[in-house]
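Enquirer: So you can see what is in the structure, the chains are spelled out below.
2 protein chains.
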Amino acid sequence: MSSVSSDAPRELADLAPLLLKKERSTATFDVQSLIDVAVGPRDVQEHRKRLLELVKNDPVLSDRDMIHRNHKERYENALGKSYAFAKLLEKHNITDWDDTTTVYTFIGEPLPIDVHRSMFIPTLETQMDDEQRAYWVPRAKAFQITGAYAQTELGHGSNVQGIETTAHYDVKTQEFILNSPTLTSRKWWPGGLGKTANHCVLHARLFLNSKDHGIQAFLVPIRDTKTHETLPGITLGDIGPKIGFQSIDNGFCALNNVRIPRRNMLMRFAKVAPDGTFSKPPSDKLVYFTMVKVRVGIVYFCGRALGMVTTIGTRFSAARVQGATGKGKSENQVLDYENQQLTLFPLIGLSYAALFSHRAIDKLYNQVLAQFDGELGVDHLYLLSQLHASASGLKAFLTEETGNGMERVRRACGGHGYSASSNLPYLFQVYIGACTYEGTKDVLVQQHGAFLLKCLRNPVPVSNSSSLDLLGFLQANPNSTCPATRPEQLRDPEILLTAFRVRALKALLRADANKNSLHYLTQASLAHAESIVLSCFYEGVVGVQDTKVRVVLLQLFQLYALWRIQANLGEFRLSNYLSSAQGAWVDEQVLALLKVVRPNAISLVDGFDFSDFELNSTIGRYDGDIYRALIDRATKDPLNKTDVVPGYHQYLKPLLTAKL
Amino acid sequence: MSSVSSDAPRELADLAPLLLKKERSTATFDVQSLIDVAVGPRDVQEHRKRLLELVKNDPVLSDRDMIHRNHKERYENALGKSYAFAKLLEKHNITDWDDTTTVYTFIGEPLPIDVHRSMFIPTLETQMDDEQRAYWVPRAKAFQITGAYAQTELGHGSNVQGIETTAHYDVKTQEFILNSPTLTSRKWWPGGLGKTANHCVLHARLFLNSKDHGIQAFLVPIRDTKTHETLPGITLGDIGPKIGFQSIDNGFCALNNVRIPRRNMLMRFAKVAPDGTFSKPPSDKLVYFTMVKVRVGIVYFCGRALGMVTTIGTRFSAARVQGATGKGKSENQVLDYENQQLTLFPLIGLSYAALFSHRAIDKLYNQVLAQFDGELGVDHLYLLSQLHASASGLKAFLTEETGNGMERVRRACGGHGYSASSNLPYLFQVYIGACTYEGTKDVLVQQHGAFLLKCLRNPVPVSNSSSLDLLGFLQANPNSTCPATRPEQLRDPEILLTAFRVRALKALLRADANKNSLHYLTQASLAHAESIVLSCFYEGVVGVQDTKVRVVLLQLFQLYALWRIQANLGEFRLSNYLSSAQGAWVDEQVLALLKVVRPNAISLVDGFDFSDFELNSTIGRYDGDIYRALIDRATKDPLNKTDVVPGYHQYLKPLLTAKL
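In order, the protein sequence lines correspond to chains A and B.
Its first residue numbered 1, the first sequence is counted upward by one per residue in full-length UniProt numbering.
Its first residue numbered 1, the second sequence is counted upward by one per residue in full-length UniProt numbering.
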């Protein structure tokens, strides 16, 4: 364990920046080359930096105070940011969708127009027919209307088929009549629905001549576009504070005989003719395609969120010293403790794994999306079901692991991690909703697991057109055992990847043998998702051009994979795939790899290239000057405006002087 | 899987309360008898109910709004509650310490006088000599002074020996001169230190004639008791928002040549004579004895917090239906899904396990405390070190598992769990600090593990006077294997307890063989703590008089124990203590026991006897009327005061009408 040399400065506050500097000098690779891998080519990086500067220099958007306002204050403030965001885009003529997304991400706080951007517009784009799209999309993009995505209800979230809102077609007036027939049928949760949106995409059960035609999507005006007042027959409101997203008006909406024109149904796939004739969509899944898009985006979001948190945690652990190895010795960097490394390093690995996984699934998404313009054949629908299942599985697995990982890192930062000043609490709050929205784990693993079981029982002639190898694991040998004959062999990527494939297949066979057990189905889904993530991670690593970077990422891959075996050792020892001795080697190799990764730890997180502005953390600063930052931010707290707080005279003085 | 009968009411909102009623009719035991076990004798219960009514009827203390205020607003509000609390105690002549604690707990929100009550006064009581105690304690109890406990510094938390604050004795004036010599030496974190306290117990390194005499405790006036202004030489302030405890002014304090009289050092154990002669305390651990007390209290807090969360989660899961087993079938109670049971039921078990563990460790604490009045011999100090180690180990293990469990339950409640309306977010925020304060896991497992290693290497002649069997596991046979020959045998308590003892011993032997590895030491600490918790749980269960309750709690114990094996199966399969077949039996038995526990699930959480007032949750209500509660609370949200929010005119209208 290295310790701080005796000629270190006396002030720990001065030592901290020196320690980070020292860390950067021990890296075995060029950080810029890693940034090229993580962020993209240099011109992309430069372009991002220019956009970041625009946000940093904007008087409204540069606000970084996410912690002192209550829900109402945060919402009002975020409305102001929404306007500033639109003005900034206009001023600098930023129209490219990716660019606007980049700017939005830099703001670092979800805005009331979040769902308008991320779900409302994409839904209009993918679910409307050409004529509808031509009319509505430009209006939405120019903020002439602002929209919400109203699917979830008070009584139904996961089970979309249970939605109670109704849409009855009135052939005489060629209108749909929308109703919330029960208390639990009111829409509940949609972002922006309470106070901001004047339109929404509404999911309701369609009835034609009293015949049920399933859940369909409709475009519904909910507020007067002139006065912003709620339209007749509609009840709107905010559902109240939440863990995160305090800046957004997640809302409720009840409908009482609200009429909309026939052409307000989104008619790209399902259609209702003027006479009430229904045309079925080629797949039931198409109406939820926006959710698939969002799930794909969440995979990226996992990598980004965990990358930010591990950056803060690793820098803090390098800058912080605590506890000496012997009496009179100087104190150790917290990053030199094995437990701290064991918390941080595999999670740095997971951050990269999620980023690489996103690239793979995003490719599949775009492959499917491109086909929407042609005729949707069996092969295309098979690809869609692959995308749907794998997006579900990856979303369930990665959000869970990322959320748990973020909280582990935060706890590993002690009191300073508990303080809002570190920004770790805020990052967790704003992230953790991802475990819930767009499908909770328990629901998604069922969708994913059911797909895998179907593939196991009825091997579909694989079209080979998928950009992601989801089903290769079915070819593994479930009766094999791990061939490693000495500990270091466990680092062999082929041995590792095979171990995860065999585990996934065994879990699936167990699920098949226990058809009524959700537990085994869940295990099968998670094991498969894990195997896919590892493949994507490995594919990403071998694709890296720079040799030194590739070597270091490979070490991170090995550590991450072995750590996952360690965490699920019982499963890998099922039927002795790993022997007891091999199980003990796993521990040994994990600990050995921590030492290998240690000198590159800071540079690995520097590789994510998050700016101090984005991290917004006193303890995660690039320069390591954490103690002055902590004092500085605390001093500015509103409670410190006066020495004696106003409440003293009202409450504390009476308490201290009362005879008790 | 049972499903709702077809004559169920059409409104899910009406169905929910009926479902909870149905649940209560299936219990195999009398809930009141379980409450007797969990809460205590009937007269204690009645007394608690009377105290609860006082809080519920108090105009200030009955406030349940923990979610709409920001940090500053919450602090001011909590000052008001502090005053109301003191007045309530006075009015009803409540002076017994346990009673005041019960009232305080019912308030459900930490107050700025929290540390004054829980640490400041206890420290004066245990660390002051008789004369000091006689002078200061009555003043503190009557709120003539209000105090903080200032140990942690900006640069040092875990490593108390690293504290930089200094106390130099000036023999001429018989005063100590206190200084914060560096930026990182300022006190940082103590509750109430920023704005509320006018005194604090301050830990500083004592120097006599420039000779270092280690960390000692001093009573330091920090604010003028008349004007409440900060005293000369002292800088005070609030450190800013945190995850929880927004109602408290966690503060900072810097000292510049602040002088206090010699007799302001707490002199029960260490002493400084007027001429500067130092008398050593009999044990270095004594100065931190207050922390041990708090750790013991945290064990109880874990059981209580997880009990509240599992109550909310289980009731919600019983009242909520989601998804049908077949088309046209009515929907299933969420509690009927295996994954939901697997999330909830073992954690109900952990809640009871923590409550029983607290009783055991509290007994040991009181045993040690009683000895303080006599001479402290070797035997007593040995008992103190047992208490110190086991309180550390239990605190580290239980806070971690409880925190993780609370978050798992919250996620299992989907969107409604993410909403503040469920109160799950607040309960987590106010709890999760327990993983950090009074020692983080990584530090405590080292203290605990080091104690265990010492006992392994130098078996101390056990005095047998300890009320807790901490070291019996050393007698286990590390080379044995599990004797179960059929799956059901794994439920045998002796087989279960032995498995955990063998695992603890094996983990300790691994730690001993890998002396430089924190990882193995951590595993040893956690495995031992787990074994102790299980013993306490089992002891608690067999001590239950009511046969039906004992049977049900035993089932819960079995489920909990097997679930813990499942979660750590790799360790139990080390050297094949469990065979591969036995490993598979564990899964099987866990799933089988879920079905056994299912009919009693609601009554098991009813057994904690939390009132709706305490739970403060729309979805955890005793009567199951969750949907009306959700709508009702949302409707009252401040954002819903007007249909069109003020921000519309300022920001949204310009955005919607701007040409973009």
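Bear in mind the hints are in silico, worked out from the structure with no lab data behind them.
Even glycine gets a Cβ: it sits at the ideal position worked out from N, Cα and C.
Keep in mind that a hint or two might mislead.
Subject to a maximum C-alpha distance of 30 Å in a straight line, what follows is the list of computed DSSO-like cross-link-like pairs (lysine-lysine) [claimed, not checked]: (1) K515/A with K226/B; (2) K226/B with K641/A; (3) K327/B with K280/A; (4) K327/B with K285/A; (5) K56/A with K653/B; (6) K329/B with K271/A; (7) K49/A with K87/A; (8) K329/B with K226/A; (9) K22/A with K285/A.
Only part of the chain B face toward chain A is listed, based on derived beta-carbon distances under 10 Å [claimed, not checked]: (10) A16; (11) L18; (12) Q144; (13) H168; (14) D170; (15) C413; (16) G647.
Enquirer: Run through the hints listed earlier and report the numbers of any the structure violates, in increasing order.
Expert: 1, 8, 9, 11, 13 and 14
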